[in-house]
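Colleague: For reference, the chains in residue letters:
There are 2 protein chains.
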Amino acid sequence: MLGNFSYCNPTKLYFGDHALEYLNNELPKYGKNVVLVYGKNSIKQNGIYDEVVEILKKNDKSIAEISGIMPNPTVEKLYEGIDIARKHKADLILAVGGGSVCDYCKAVSVSVNCDEDPWEKYYVQFDEPTCEIIPVGCVLTMVGTGSEMNAGSVITNHKTKMKVGHVFADESIMPKFSILNPKYTLTLPKYQMVAGIYDIFNHICEQYFSGEDDNTSDYISEGLMKSLIHSSYIAIENSQNYEARSNIMWTATWALNTLVSRGKSTDWMVHMLGQAVGAHTDATHGMTLAAVSIPYYKYIMPYGLSKFKRFAVNVWGIDENGKTDEEIALEGISAMEKWMQDLGLVMNTSDLGVTEDMIEDIAKSTIILEGGYKSFTHEDIVAVLKQSL
Amino acid sequence: MLGNFSYCNPTKLYFGDHALEYLNNELPKYGKNVVLVYGKNSIKQNGIYDEVVEILKKNDKSIAEISGIMPNPTVEKLYEGIDIARKHKADLILAVGGGSVCDYCKAVSVSVNCDEDPWEKYYVQFDEPTCEIIPVGCVLTMVGTGSEMNAGSVITNHKTKMKVGHVFADESIMPKFSILNPKYTLTLPKYQMVAGIYDIFNHICEQYFSGEDDNTSDYISEGLMKSLIHSSYIAIENSQNYEARSNIMWTATWALNTLVSRGKSTDWMVHMLGQAVGAHTDATHGMTLAAVSIPYYKYIMPYGLSKFKRFAVNVWGIDENGKTDEEIALEGISAMEKWMQDLGLVMNTSDLGVTEDMIEDIAKSTIILEGGYKSFTHEDIVAVLKQSL
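If you read the sequences in order, they're chains P and V. Heads up, the first sequence is in this note's numbering, so the first residue is 1 and it goes up one at a time. Heads up, the second sequence is in this note's numbering, so the first residue is 1001 and it goes up one at a time.
Calculated directly from the structure, the hints in this document are not laboratory data. As the structure is a computational prediction, the values presented were derived from the model and not from experiment. All C-beta atoms, glycine included, are put in the ideal place defined by N, C-alpha and C. Mixed in with the good hints there might be a few duds.
[Said to hold, decoys possible] Partial selection, computed: residues in chain V whose CB lies under 10 Å from chain P: (1) T1216; (2) S1217; (3) G1223; (4) Y1303; (5) W1316.
So that you can see chain P by itself, here it is in the shape it has in the complex:
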């Protein structure tokens, strides 16, 4: 049942190969002081940095920079950024990069005017901000996390060995605007591209595989999955196909901007397992998800059989004739597995460096969430991880 929920997503999106021009529409809405945030040097190599700086200067902005945002932004880097944003009296924080840069900017935005320790307040206590928030804008250069249109932010604390995501409740923490130019994604190496595609697919699965009802969200999810599967085959044949990369980029945004979770309890155990594997191997996020997914879904299939049957028929076009529900459901998982192999995803955690003797430790650091078809115990986690080797 759809039940009771709220939905609000005010981020303004500019999409397409001319999208950056619209930065000129947005900048006049904010004060003079912009903090420009990016990762390593790739945006300097591909020219995006120069284009953005030119537009900022044309709009008479004073620029401070935070560079070197890492794939898993650390709490130390957060403190550094808060300091820069405070000194610059930031009116706007402009993320130029992928989900990590965007996540990081949201963390800075809720911390600049916060008197408490932001790690403790937001990522341990999961408090909501009580201070004034600095607006965030985003120029997206990688695809997958959906951070460009949600209020999520993941920060890593190496001292306490915690990588924690906080999905803030207040929609004012979502980026005010995001610029999505699919051309920026064309230069991504294939390994990163397919890892991103699987991250998107799994975001949808995490929301889809929960609940027993005829929910509109599930139908939308099925549409998004079919679009993604279709475009992914075009993209692995020709990574320069703009149309396929456009559809992948747009699907990524809608896979995790809260729409398809409306009325759903949601699962997220594949992400918990994948993040634990990632913390012990430093492997690419999407690949950690891929490596645990098939064992996980086979393990929970009996507890959500009707949804797995529906997944087989509606997403993968499995013929139901003369088959038991279990057979249909398993054929769906097999079709998904074949697609993952076709993409060239990492299908086993051993290929990411996991060995049998690491499993107990990985299982211990796996956060267990409720909401999916099966309540997990430590033993369940161990069983799935063993299957994933």
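With the hints as your guide, set chain V onto chain P.
Modeller: Then chain V, alone, in the frame of chain P:
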């Protein structure tokens, strides 16, 4: 191809059988003076009026009322409302009703501070507002138009025999919040319920049947159509099924809040034909759409054959084996026709009072839009209308 577009939809939605409670969250954001707008007496009979007024009073609001909003709000009624809102120094315009009430409130909101004639400015010249806009909130009691989460507003001018819709470009004209309680829709007579269901379906069709590309919007549209078809069969069996009515309500919002038109040229000729039939018969909007749809889609099918084939397979599950594209496409339209008959929709314009001698006049008043699979001439319009008798 997805191409270049922007998307922004900041309306905050509260959904579910406790949704009205959240009016208490929203009211403190606005000043003291609220203009309460509604249609005839139904909200007084079913108690919604009393509940809303109680919440307004509890929040210490001063209330002025505009009542008697008709299904096709007139320009005279608009002038009357502007006058009331000005005298009350409105801080918030609160719509309690269906799409007509919501459309009307948006028209008032852009006109209160406007020095020019709003009919001339917004519905003849299609100008955007240059004045300050009064915020609109919505408590939705009927389902179909999507007006609760878009910037569209239809106003009728009987003197000039024009019923004109203006979809404003500025997202600040969208309702600031909308309260969607599916229980409010349970008392609607079946005729109105199925007319609303077809209105929703046709909104999706108008956007889906355009373009030749593999567009994510089309996949989302197919999901919404399948959800709607599924829930509609439950709703006609048992109109009190809360889950089905919930899914229908949620689908209606997403069918016309601009999401599924992103990257599409869109058609809207069924609406143009239906509105012309409506202007000559005063028939229910959804029924005018139903009565012209099958002749229209059969007429344009050869010009968009691959999409009609896809519609047959992806939405209606038509088996492609051993059939020509034309046969598959036609089977899809037949499946849609059977569903419409199952719902009890009006399938011919003659059943709405149209006679052969009226066709020339109806055709003359049909606005021709480009964007669909075939550019229409006056003769094409006449041919479709003749088929619809």
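Colleague: Looking back at the hints listed earlier, which ones does the structure fail to meet?
Modeller: 4 and 5
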